[in-house]
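Those protein sequence lines, which keep their order, are chains A and B. Numbering-wise, the working numbering puts 131 at position 131 of the first sequence, and it's gapless, one number per residue. With the second sequence counted from 1, adding 1000 to any position gets you the working numbering.
The reader is advised that the hints may include incorrect statements.
What the hints assert, rightly or not - Quick list of the computed label-pair ranges, beta carbon to beta carbon: (1) B:Ala-1069 with A:Val-56: 24 to 30 Å; (2) B:Pro-1049 with A:Gln-38: 39 to 45 Å; (3) B:Gly-1048 with A:Arg-37: 42 to 48 Å; (4) B:Pro-1044 with A:Thr-77: 17 to 23 Å; (5) B:Leu-1040 with A:Thr-77: 20 to 26 Å; (6) B:Pro-1044 with A:Tyr-69: 19 to 25 Å; (7) A:Pro-41 with B:Gly-1137: 17 to 23 Å; (8) B:Ser-1079 with A:Arg-63: 45 to 51 Å; (9) B:Gly-1048 with A:Ala-122: 17 to 23 Å; (10) A:Arg-59 with B:Pro-1006: 22 to 28 Å.
Note that these hints are calculated values from the structure, not bench results. As the structure is a computational prediction, the values presented were derived from the model and not from experiment. Even for Gly, the Cβ is constructed at its ideal location relative to N, Cα and C.
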Amino acid sequence: MKSVWTALGAGGLFGAGLVLSGMARPAKVIAFLDVGRQWDPSLAFVMAGAIAVHMVLFRVILRRRSPLYDVTFHLPTRKDIDLRLVAGAALFGVGWGLGGYCPGPALVSIGAGTLPALVFVATMAAGMWLHSHLFTARDPSTRDQSRDVPLHAPPAGPPDSGAP
Amino acid sequence: MNHFTPVSALLGGALIGLATSLFLLTHGKVAGISGIFGGLLSRPVNDGPVRLAFVAGLLLAGLAAHFVAPGQLAVPPPSRSLGVLAIAGLLVGFGTRLGNGCTSGHGVCGLSRLSARSLVATMTFMATGALAVALFGGVE
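Extracted from the complex, chain B is given alone in its bound form (with noise of 0.2 Å):
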């Protein structure tokens, strides 16, 4: 089902590296995901018309992406329920605000500035996923 795919795990990456650069050069900013779209829900908000345009980015790329490489793109598997789905996304808005970060904030921008903060969270939400997976089932 899931095959080790190191290249393009490894080429995309280096796409995410880039354009979180860019966004570093143009903007001066952290590109993380969840700061740029929380960003939009709480008031007031600043930089609204950047925020919404890097979204935007982001859902254009899916839906090119659904003509192009629909293979990328999946449905979560069937163990994961529309109420699971509802869940997960409570915990990870919450958690996300809580902890100042998500994979990308975190994960790439802080442990590429070598960030204690960013360290830690990164061991921490990779822990506590591969707990939720232990307890809760993996994709069978």
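Looking at chain A on its own, in the form it has when it is part of the complex (with noise of 0.2 Å):
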């Protein structure tokens, strides 16, 4: 299956990214946040640098009838802002100030064998196995939802490329 060693490629391309930014450092995300004492700018160079490849690329791929390897593209495409989003970021925040860690580099360093990491991704896991056994579990429409990586498109809708 082709199809699994882009995904493979895509993570190994995207842990090497997160590596060589600086991500992989708890200390220098925590200095990123670290606003008011000792003000480490440089990671908002990461977002800025990714953005502006993705940018460009994400509208030259939509621009093709559907991706290599499936039928159509899935990308979100909910507009409402509500509170689940704002408490889920608020929480998710905290948690990344707290810990250093974001999923992704979480994830490449246990890679490394950084054992702290194992732990954070440990109950990270915990975390979201409990989302989805209070949310999805009881309420089955909301199980598209739930999920930043929609799994089926809307049977119509082309893909959510006029954004504003």
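Need the complex rebuilt from these two chains, each delivered in its own frame; the hints are there to steer you.
Here it is, written out as structure tokens:
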């Protein structure tokens, strides 16, 4: 299956980018968030570099009718700003500042054999499981919305390329 | 301790943008790590092999970096004990699923698509992240 190999390659490239950028050094992440004291603004450049590249390629790629290994693109279509979005992002931010890890760098660090990252990822998985247990299990109507990688695009909707 | 490293940050970011674009071109999906990883924990698992392969790529990148660029990897500072990391992980796991994304899904993919939801999410987690560091303490 070719698609598995490209996913492996994309993950590897993503991980290499995280390592090069400094995101796999929790102290650097914490210093980025430490605006009032010893602020290290480097990590703003990570986001700037990633967005600069993806913003252009995203538009080029979406000119295609479909991706290489699927019949259609599956992009988020929601536009509503609700309490779950804000509360979830707020909780995530607190955890990011406390631990110095977001999900990608934590997984990369496990690959490098960093024990504290393993503890972080174990409870991160528990938190994700708790969410799916509390919300999606009892409320099947929200199942597809609860993913940021929607797996079933709406039947007739074009890709969400016309965002403002 | 922490030096300003705009060039490596920018280049690393560009690689992340390329990886995100490659995933979109091949699989047609947002390369949001919390979504890719979290999808392995909800039932039923859709696209399990693709999710596992992407996560395996992240782990292999870490393994390679351990030998090639060990200076780019570090354990968290002493103020972040295992207990603190355990709480942090729980918040990150639950929060990213509740808010539909993390630094990659909202911060890179969403902002590149000029999504208002992702802009709100990114501003929110940046603000509460800074608040958490201000209250709990920085690196020292």
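Hint check:
A hinted range of 24 to 30 Å holds for the C-beta pair B:Ala-1069 and A:Val-56, which are about 27 Å apart. Distance hint check for B:Pro-1049 and A:Gln-38: the Cβ-Cβ separation is about 44 Å, which falls inside the suggested range of 39 to 45 Å. About 44 Å separates the C-beta atoms of B:Gly-1048 and A:Arg-37, a value consistent with the hinted range of 42 to 48 Å. For the pair B:Pro-1044 and A:Thr-77, the supplied restraint of 17 to 23 Å holds, since their beta-carbon distance comes to about 22 Å.
Between B:Leu-1040 and A:Thr-77 the Cβ separation comes to about 23 Å, which falls inside the hinted range of 20 to 26 Å. The given range of 19 to 25 Å is respected by B:Pro-1044 and A:Tyr-69, whose C-beta atoms sit roughly 20 Å from each other. The supplied range of 17 to 23 Å is met by A:Pro-41 and B:Gly-1137, whose beta-carbon atoms lie about 19 Å from each other. One distance hint, 45 to 51 Å for the beta-carbon pair B:Ser-1079 and A:Arg-63, holds here, with the actual separation near 48 Å.
Roughly 20 Å separates the CB atoms of B:Gly-1048 and A:Ala-122, a value that falls within the hinted 17 to 23 Å. Checking the proposed 22 to 28 Å range against A:Arg-59 and B:Pro-1006 shows it holds: the Cβ atoms sit about 26 Å from each other.
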